[in-house]
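Colleague: Letter by letter, the chains look like this.
Protein chains: 2
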Amino acid sequence: MINARVTVTLKNGVLDPQGKAIEGALGALGFDGIGHIRQGKVFDLQIETEDRAKAEADLKAMCEKLLANTVIENYTISLA
Amino acid sequence: MINARVTVTLKNGVLDPQGKAIEGALGALGFDGIGHIRQGKVFDLQIETEDRAKAEADLKAMCEKLLANTVIENYTISLA
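Chains as they are written, first to last, in the working numbering: chain P, 1 to 80; chain C, 1 to 80.
Keep in mind that the hints are not guaranteed to be accurate.
One copy or two, it doesn't matter: identical chains are merged, so the pair holds either way.
As the list claims (entries may be wrong) - Computed list of lysine to any residue pairs in SDA-like fashion (alpha-carbon distance at most 20 Å, straight line):
(1) K60 to A25
(2) K54 to G33
(3) K60 to A21
(4) K65 to Q18
(5) K65 to A25
(6) K60 to G30
(7) K11 to Q46
(8) K11 to F31
(9) K41 to L79
(10) K65 to G24
(11) K65 to G33
Calculated directly from the structure, the hints in this document are not laboratory data.
Let the hints inform the model, and build the full structure from the sequences given.
Modeller: Right under this line is the structure:
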């Protein structure tokens with residue numbers, strides 16, 4: 001069994017209104033000098049295999065098909 | 001200027017219906033042997049300081065006050 005983490009982030013240039021809202025909220029809370037906030041998603045999951053190459057290939061397919069919108073998002077895969 | 005990443009994940013034992021839905025969707029797409037999917041959030045941001053200790057303390061305060069709900073979520077901070 002392999003533990004994996006998939007991180008999905010917006011590509012550069014894609015507007016991130018949620019990030020902007022968080023930036024505003026942090027400013028309102030008194031945190032200065034904070035910028036370029038971008039929010040992304042993270043998926044932690046377990047794969048029932050011991051074959052790391054297969055796990056990585058499967059994860060890539062999952063990202064392409066479901067977890068990430070590759071038009072506007074990048075993804076990174078890391079195996080524990 | 002310091003680049004930082006904050007990862008917010010649900011604590012163990014907290015129900016994650018979104019993760020369950022993703023698990024079901026992956027199964028329907030033909031990915032077998034996937035389990036324990038948990039979805040979390042990731043925040044990438046820049047802090048205008050060179051003082052890493054201050055940056056880390058600030059980030060911790062931001063997590064406690066805004067970025068994470070510490071009743072049900074854990075957070076990890078990593079500085080680039």
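Colleague: A separate judgement is required for each hint: does it hold in the structure or not?
Modeller: Okay, the hints, checked on the actual structure:
1. K60 to A25: between (35 Å within a copy, 15 Å between copies)
2. K54 to G33: between (43 Å within a copy, 12 Å between copies)
3. K60 to A21: Intra 31 Å, inter 19 Å, cutoff 20 Å: inter-copy only.
4. K65 to Q18: between (24 Å within a copy, 17 Å between copies)
5. K65 to A25: Classified as between; 10 Å across copies, 34 Å inside a copy.
6. K60 to G30: between (40 Å within a copy, 14 Å between copies)
7. K11 to Q46: between (26 Å within a copy, 16 Å between copies)
8. K11 to F31: Neither, since 26 Å and 26 Å both go past 20 Å.
9. K41 to L79: For K41 and L79, the Cα distance is within 20 Å both inside one copy (16 Å) and across copies (18 Å).
10. K65 to G24: between (34 Å within a copy, 14 Å between copies)
11. K65 to G33: between (38 Å within a copy, 17 Å between copies)
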